[in-house]
Amino acid sequence: MKFCGYIRKDGSVGTRNYVAVIPAVVCANEVVENIVYSTKMTEGILHHQGCCQTPPDLKRVTDSLIKIGENPNVGAALIVSLGCEGVDTDRLEKEIRATGKPVERVNIQEIGGTSKAIQKGIDLAQKLALEISGQQREEVDLSKLTMGIKCGASDTTSGIASNPVIGYVADKIVEAGGTVIFGETTEFIGAEHILQRRAKTPEVAADIKRIVDDIENRAKAIGVDMRKGQPTPGNIEGGLSTIEEKSLGAIVKSGTKTIEGVLEYTEKPCGKGLWIKNTPGREIEVLTAMAIGGAQVMLFSTGRGAPQGFPVVPIIKICGNPITYDRMCNDMDINAGKIVVGEKSIEEVGEETLAKLLRVASGEVAKGEAIKYTKSMDIYTLGPVI
Amino acid sequence: MNEERIKGLKNNEIDNVATIFGQVVVSSEVDVMDSKGNTIVVKVLDEVPYGHKIALKEIKIGEQITKYGEEIGVATKEIKVGEHVHIHNIDSIRGRGDWAKEGGKN
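Chain order of the listed sequences is H and V.
FYI, the numbering for the first sequence is 1 to 386, going by the working numbering.
FYI, the numbering for the second sequence is 1 to 106, going by the working numbering.
No wet-lab data here; the hints were simulated from the structure.
Here are the simulated lysine to aspartate or glutamate pairs, DMTMM-like style, with alpha carbons at most 20 Å apart:
(1) H/338 to V/4
(2) V/7 to H/343
(3) H/209 to V/71
Label pairs and their calculated CB-CB ranges:
(4) H/271 to V/43: 52 to 58 Å
(5) V/49 to H/384: 36 to 42 Å
(6) V/14 to H/202: 27 to 33 Å
None of the values given here were measured: they were computed from a predicted structure.
All residues carry an ideal CB built from backbone N, CA and C; glycine is no exception.
So that you can see chain H by itself, here it is in the shape it has in the complex (with noise of 0.2 Å):
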């Protein structure tokens, strides 16, 4: 099997050839989406981080947002600075520099203002578009791939249709020599037991372990009950009745094969293979850890109806709910509620919407991009803002 993408310096193939305009820090937003708003090809890395931290927290944020420029799926990097961030802008753009890809940088402060650091980034994001317009897409085989996996307002069908359609999906792409990145620790618990099988080494299984339990034990140190938060409100209303019910639904995405190793939040793979990735369970921060790993594509399972993207990557959404397909079309790319009716298996499902994935990493559009649903970006953190 292969797609159609762009080759890059590094070896890496992107599916999307996006000039990235990345804040340094959260002060640096408004600028990054005035340059986005006026530019072709641009997408903005917003998030709400980059100052006011601990230090690992801004080790972390400044990681972060290098993996992202280095993400296949961008061709160019704007860095834009406000000049008294925490994190460390210097390192931020000598990394991405680094893959080979064009950099350019504006500081808010130093330039004079907003508006001036409008127009120049305007500017800088031009040219870069301009640089990088000019390359075309070459055929190359799947085992360049990484494919992130994500599911979102599940209700009792995603367990069901649409994450097995995701485990078809990414057992195919392991087979092809791929890489698949699942993560979701919260939504581990109470089927850790069955991943831990699944892993490569006994060191591997009790990784699984031990992330597990240190997700379950900060709830504990709180003396809180994790019901109020997971299941969720909608997932409770979507007949899901506890987050060990939710667990077991939630892991039948990542297939059947064997799990090479867990990856902290700003690591990437050291292989091919399927991989777990320590993530809480919200959106925007698990989809930014696997645009973090390298992933150029996503499959994002959801019963209730998510609609959530994320910039430079495209997500093709699967629904297992056939009433919500229905509503919310315009947002879903792959009716898996087929299955819940009896009218399709889950292979067959699989097929359409592995075949769909080939196409969406060669260039066609997901829905999410048709709608410029983009920007669900956010760098999970550990430490308090200070």
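Given chain H's structure and the hints, the job is docking chain V onto it.
Chain V alone, transformed into the frame defined by chain H:
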């Protein structure tokens, strides 16, 4: 009489609950298919919303609720065959910081 019958799914043969795909009114009969494709008819005792679960067996207080062949929680009340199974009569046993705070169960 030509109305489409409401379907349910029992994911694993050891499950004591099934998921119902339809809006069920009291005393409706639903066709529950198991993982081998066999169908049994269950009379539902409550109004059950789309995608919610019903009991396939009598379940006692404290007894395990099984779906996908795995434990998804425990019963907090006696549950009859055909009764709606949801947060009013079952409880999660994981992520229970409240239990730890009470110095107990978990």
